[in-house]
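Q: Each chain, written out:
2 protein chains.
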Amino acid sequence: MSDAPHGRIPFDASMTTISVDAMGGDYGPEAVVGGCAISASRNSDIAFLLHGDESVLKALVARESALADRVHIIHSPGVVSMEDKPAQIMRRGRDTSMWSAVTALRDGQAQAAVSCGNTGALMAVSMLRLRKLPGVHRPAIACLWPSHGPYGYNTMLDVGADVRADEESLLHYALMGSAYFRNAFGAVHPRVGLLNVGTEEHKGRAEIKEAARLIADAAEVGRYEFVGFVEGNDIPSAHVDVIVTDGFTGNVALKTGEGTAKLMGDVLRTELERSLFSKLGGLFAMRPLKRMKKRLDPRLANGGVFLGLNGTVVKSHGSADATGVSSAIKLAFTLAQSGFQDRMAERISAVSDALQERLLKATDDAGTGPLAAPRSTSDGTDQA
Amino acid sequence: MSDAPHGRIPFDASMTTISVDAMGGDYGPEAVVGGCAISASRNSDIAFLLHGDESVLKALVARESALADRVHIIHSPGVVSMEDKPAQIMRRGRDTSMWSAVTALRDGQAQAAVSCGNTGALMAVSMLRLRKLPGVHRPAIACLWPSHGPYGYNTMLDVGADVRADEESLLHYALMGSAYFRNAFGAVHPRVGLLNVGTEEHKGRAEIKEAARLIADAAEVGRYEFVGFVEGNDIPSAHVDVIVTDGFTGNVALKTGEGTAKLMGDVLRTELERSLFSKLGGLFAMRPLKRMKKRLDPRLANGGVFLGLNGTVVKSHGSADATGVSSAIKLAFTLAQSGFQDRMAERISAVSDALQERLLKATDDAGTGPLAAPRSTSDGTDQA
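So the sequences go chain by chain: V and D.
Taking the numbering used here, the leading residue of the first sequence gets 1, the next gets one more, and so forth.
Taking the numbering used here, the leading residue of the second sequence gets 385, the next gets one more, and so forth.
Mixed in with the good hints, there may be bad ones.
[Claimed, not checked] To be clear about the criterion: a stretch of chain V counts as covered by chain D if any three or more of its residues have a C-beta under 8 Å from a C-beta of chain D, and this derived list gives those stretches:
| hint | region |
| --- | --- |
| 1 | 92 to 99 |
| 2 | 145 to 157 |
| 3 | 246 to 256 |
| 4 | 260 to 267 |
| 5 | 287 to 296 |
| 6 | 343 to 353 |
[Claimed, not checked] Every beta carbon over 10 Å from chain V, so not counted as near; a handful from chain D, in silico:
| hint | residue |
| --- | --- |
| 7 | Asp429 |
| 8 | Glu438 |
| 9 | Ser439 |
| 10 | Asp453 |
| 11 | His459 |
| 12 | Arg478 |
| 13 | Asp479 |
| 14 | Glu551 |
| 15 | Gly570 |
| 16 | Glu594 |
| 17 | Val611 |
| 18 | Asn635 |
| 19 | Lys646 |
| 20 | Ala669 |
| 21 | Glu741 |
| 22 | Leu744 |
Hints were generated in silico from the structure; no laboratory data involved.
All figures in this text were calculated on a predicted structure; none of them were measured in a lab.
Positions of the beta carbon are idealized from the N, C-alpha and C atoms, including for glycine.
Sequences are here, hints too, so could you generate the full structure?
A: Laid out in C-alpha cells, this is it:
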C-alpha cells in the first residue's frame with residue numbers, strides 16, 4: 001500500500017482496476033472504503049486505486065480484510081467540496097483526490113473511475129484530463145431509473161452535463177445511451193425513445209423533430225430500435241430502455257422523480273404512524289414495504305455514467321452509503337470489462353461523418369435516407 | 385331545461401354559473417353529469433350550463449335530483465375527440481360541445497368553463513373565442529401538485545400551453561401563477577420559485593437567469609415572495625407555492641411525477657399480493673394506504689387552469705370520474721367567485737409597460753430597479 005508514481009499498475013493483469021476518489025461523498029471516506037470492501041468480497045477480479053489522504057485511508061483499509069492486497073493508495077490531500085465551482089477546481093485542483101482519480105484513469109492505471117464528489121467539478125476535470133471522444137460535441141450524464149422494463153432499470157441521458165442539446169447532440173446521446181445500456185445489461189437491441197410533450201409527430205420543439213429523423217436514420221449503425229417520442233410518464237415504462245433528452249429537461253425529470261418518490265414515502269410513513277391500528281398494519285406490511293423500498297432504492301441504482309469521454313467515469317450519488325458506493329463500483333467494473341468505449345466512438349464518428357456529408361450535399365439532395373453503416377459495426381459479431 | 389339562445393342567463397343572479405362541456409372525457413357524459421351532481425349537492429350557489437347532445441344529457445340530468453332546476457342544457461351535437469388536431473377544431477368545430485361551452489363563457493352566460501376534452505383543442509378554442517389578456521404573449525396551463533406545503537398543493541405553470549418561454553413569458557407566469565394560487569387557496573403572499581437545474585445563481589440557461597431578475601423585480605407589484613431557483617425535487621416541497629417553468633419542462637415534470645407515483649403504486653401492490661402474510665399486512669394497512677392514495681389522488685387535485693385569457697377555463701383530466709369532475713368544478717367556482725382575472729390583467733399590463741419602458745431606455749440606463757407598482761394594486765386592500 002505504499003505510494004507509487006502514476007504510470008505503474010500495482011496489480012496482476014487479470015484484475016480490473018477501478019480508480020476511486022475516496023474523499024468527495026457526504027459520508028466521507030468510511031462509506032467509500034466500505035463500498036470497496038463490499039465489492040471486493042463479492043468479486044475476486046476487482047482491485048482499487050484509492051485516492052485521498054493516505055493516513056486516513058490506510059487506517060480504514062486496514063479494518064477491511066476483504067481489501068487485503070486489493071488496494072493501492074495514492075496520496076492526494078486536497079478535497080473538492082460540494083460548493084467548489086468547476087472553474088476553481090480546474091485552476092487549483094491538482095492536489096485533489098478527484099483530480100488524481102481521473103488522472104490515474106487517463107494514464108491507464110485503471111479501467112474506470114468512480115467518485116461521489118461534486119458533479120460539475122467531476123465533469124470539468126474529466127473533460128480536461130480525458131478529453132472528448134472524437135466526433136462528440138458534448139459529453140452526457142446517463143442515469144439509471146427503476147422501471148417496469150425487463151432489466152428493472154431504464155436509462156435516461158443527458159441528466160445534467162449540458163443545459164441545451166441540438167439535434168446532433170441528441171443523436172449522439174441515442175448512440176451513447178444505447179451502447180451503455182447494451183453493455184450494462186446485456187440488452188442486444190435497446191429501445192430508444194426521445195422525450196417530448198406528446199407522442200404525435202407534430203408536437204414539440206423544432207430540434208426535437210429533427211433529432212427524431214436523425215435518430216431513426218442511425219438505428220442500424222447504433223444497433224438500437226427507435227420507438228419514437230415518449231413522454232414523462234413513459235420514463236419508468238416497459239416500452240423503452242433508453243430515454244434521450246437535453247440536460248435541462250433530464251435533470252428536472254430526474255429530480256422530480258426523486259421528489260415524488262420521497263413525497264409518497266413520507267405520506268405513507270405518516271399514515272402508518274397515525275394510529276395503533278395503522279401501526280399494526282405497518283408492522284404486518286413491513287416486509288412488502290421493505291421489498292418495495294429495495295426495488296426502488298436509489299442506492300441500488302446508484303451511478304450516473306459520463307458518456308462521450310476517453311474513459312469511463314461513474315458519478316456516485318453524494319449521499320451514497322457503502323451499499324450505494326458498491327453499486328456504483330459494480331457498474332464501473334461491468335463497463336470497464338465490456339470495452340464498449342471503442343465501438344461507441346467508432347459509431348459516433350461514422351454517423352457524424354455521414355451527417356456532415358449530408359449537410360454539405362444538402363442543396364443537391366434533400367433526401368433523408370439511412371446514414372451509412374460502417375463495415376466494422378454492421379457485421380453483427382460484436383456486442384458492444 | 386329547454387334550449388335557449390346564447391346570451392340569456394337562465395339562473396338567478398345570486399348563482400355562480402359554470403359552463404360545462406359534457407362530452408369530451410374518457411368516461412363520457414355520465415361522469416361529467418355525475419360530477420355536476422356531486423358539486424350541486426354540496427354547494428347551493430352553483431348552477432350549470434351543460435353543453436352536448438340534448439337527448440343524452442336530459443336523460444342523465446333527470447336521474448340526479450340534486451340537479452333539479454340547476455341545469456340548463458345547450459344542444460351541441462359535435463364531439464371533440466382526443467385525436468382531433470387543434471387546427472381541425474378551429475376550422476370545423478363550431479357545432480361541438482367544447483366550442484359551445486367556451487362561447488357561453490365569452491358571452492357572459494357563465495363565470496367559468498370546465499372541459500375534460502383534448503387539451504390542445506381546448507386551448508386553441510379558448511384562445512380564439514376568449515382572446516388573450518392585454519399584455520400577455522402566451523397563455524399558460526397551471527396544474528396542482530400534491531405537496532408538503534401548507535395548502536396540501538403547490539401549483540406549477542406552464543405545463544404544456546407552449547413548448548418555449550422567453551424571460552418575459554416566465555415573468556408573466558410568475559404573476560399569473562401567484563394570482564391563481566392566492567385566489568384558489570387564500571394565500572396572501574404566495575412564494576414563487578423558478579425551476580432550474582441548480583439553485584446557484586450561475587446555473588441554467590440565459591433566459592432563466594434573466595427571468596430571475598425580472599421576477600425578483602416584480603415581486604411587489606405581483607404581491608408574491610420570490611424564493612429564487614428551485615429544482616425538480618422541490619416541486620412538492622413546503623418551501624415554495626408556485627413553480628414557474630416553460631411548457632416543455634413543466635409538461636415533462638408533470639408526467640414524470642405521474643409516472644413515478646404509478647410505478648411506486650404498482651410495485652407496492654405487487655409486493656402486497658406476493659404472499660399470504662403480505663396480503664394480511666396489506667389488509668391491516670388498508671386504511672393508511674387508502675388515506676395515502678386520497679392525499680395523493682390526482683382526481684382530487686383535478687384541474688389544469690388556463691391563465692392569461694379573458695375568462696377562466698378549467699381543463700379537467702380526460703380520465704376524471706365524477707369525483708374528479710366535481711373537483712374541477714369546485715376549482716372553477718372558487719376562481720369565478722374571486723374575480724381575480726381583472727386584477728391579474730392590471731398587474732401584467734403594469735409590469736409589461738414598465739418592462740417596455742426599460743427596454744427603450746436600455747442604452748441610457750442599464751439599471752434593474754424595481755418595476756413600477758400601479759396605484760390600484762399597491763394599496764393592499766384587495767386580495768385578488
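Q: It remains to establish, for every hint, whether it holds in the given structure.
A: Now for the hints, and whether the structure bears them out:
1. 92 to 99: violated (count 0)
2. 145 to 157: Satisfied; 3 residues make the cut.
3. 246 to 256: n = 9 at 8 Å, threshold three: holds.
4. 260 to 267: holds (count 7)
5. 287 to 296: holds (count 7)
6. 343 to 353: violated (count 0)
7. Asp429: 33 Å, holds
8. Glu438: Holds, because the least Cβ-Cβ distance between Glu438/D and chain V comes to about 32 Å, which exceeds 10 Å.
9. Ser439: 33 Å, holds
10. Asp453: 41 Å, holds
11. His459: 31 Å, holds
12. Arg478: Non-interface label stands for Arg478/D: nearest chain V Cβ at 23 Å, farther than 10 Å.
13. Asp479: The assertion about Asp479/D holds, with a minimum of 24 Å to chain V.
14. Glu551: 15 Å, holds
15. Gly570: Since the minimum Cβ distance to chain V is about 23 Å, Gly570/D lies beyond 10 Å and the statement holds.
16. Glu594: 14 Å, holds
17. Val611: 16 Å, holds
18. Asn635: It is violated; Asn635/D is separated from chain V by about 4 Å at its closest Cβ, not greater than 10 Å.
19. Lys646: 7 Å, violated
20. Ala669: 3 Å, violated
21. Glu741: Its Cβ never comes within 10 Å of chain V, the nearest being 31 Å, so this holds.
22. Leu744: 30 Å, holds
In this structure, the hints that do not hold are numbers 1, 6, 18, 19, 20, in rising order.
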